[in-house]
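Q: Just need the whole structure built from these sequences, with the hints factored in.
Protein chains in written order, with our numbering: chain A, 1 to 132; chain B, 1001 to 1120.
Heads up, a few of these hints could be off.
Unchecked claim - Selected chain B positions facing chain A (Cβ under 10 Å, derived; list incomplete):
1. R1045
2. L1055
3. R1081
Stated by the list, open to error - Okay, the calculated beta carbon distance ranges per label pair:
4. B:E1025 <-> A:S59: 25 to 35 Å
5. A:V49 <-> B:S1089: 29 to 39 Å
6. B:R1100 <-> A:G57: 20 to 30 Å
The set of hints was computed from the structure by calculation and includes no laboratory data.
The beta carbon of each residue, even a glycine, is placed where N, CA and C say it ideally should be.
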Amino acid sequence: MRPLSRIAYRAILRLHPHGFRAEFGDEMLWIFDEESRHDGSPRLLLDGVRSIVIQNGRSRIQQQPETAGPIYCEIDSSLPSERFAQATLVTLCGFLSITLFMSMVVPKVSVSISGLLYTPIKLLSSIPSGGR
Amino acid sequence: MKNEPKTSPPLSTAAQYILLALASEDLHGYGIIQQIASQTQGSYRVGPGTLYDNLKKLMDQKLVIDAPRTGRKDRDSDDDRRFYHLTTSGRAVLSAEIDRLQSIVVEAQLRLRERKPRNA
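A: Written out as structure tokens, the structure reads:
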């Protein structure tokens, strides 16, 4: 049970912000090892989870852009490629869902569309070959 | 500087105990936890997350600093672990906090003594 709880605690430590983990991570693990000998590890694991929430919340607050005046505010101007990819994926999924929904609700529309698609093919096939 | 402790907000319970543990000697993290457990007869135990969250805050406020190696006791001089030291301003903040708690205790005792039964 102890090695398993130690692995869990190491995972909890990894979820802490890098700066905090680099400064106190080893000491926290050492204290966990010492304390878990005498006391139950669930209390320590809960304490670790609580610490993740607090430290990550604090680091997010500290990462807010600093304003240099009432007008000027420095923002990150690099293109968020991940967000663009996510937005494209969401748009595509939304479009496909709407198309599928429309094809079920309005069957005539889909038939007429398929008719429109087939018409040029029929026209093309009806053209006699020029060689004969 | 003298007015600083009076204007500082009340400390959290964990921060009070950490400062109190460091008041008599420099301690490492686990030493602080043991000292707190001893002070409270085991009724209040601080986990490592709570300890280092509060220690970081206290260090940012310069109330606690890393203890210099030369100032350690002989038994701890070869210890590689990080020790923590209460600064002068940390001692002043702790003193102000104890005064604040003392005034609350005095006020509470006074009010409890003055309280009359409802149907008297």
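Q: All hints are to be evaluated individually against the structure, with a verdict given for each.
A: How the hints compare with the structure:
1. Because the smallest distance between the Cβ of B:R1045 and any Cβ of chain A comes to about 7 Å, under 10 Å, the interface hint for this residue holds.
2. Hint on B:L1055 holds. Least Cβ distance to chain A is approximately 8 Å, under the 10 Å limit.
3. With 10 Å as the threshold, the beta carbon of B:R1081 comes within range of chain A, its nearest partner Cβ sitting at about 7 Å, so the hint holds.
4. The hint said 25 to 35 Å for the Cβ distance between B:E1025 and A:S59, and at roughly 32 Å that hint holds.
5. With their beta carbons about 33 Å apart, A:V49 and B:S1089 fall inside the hinted range of 29 to 39 Å.
6. For B:R1100 and A:G57, the hinted distance range of 20 to 30 Å is satisfied, since their beta carbons lie about 28 Å from each other.
Hint violations for this structure: none, all hints satisfied.
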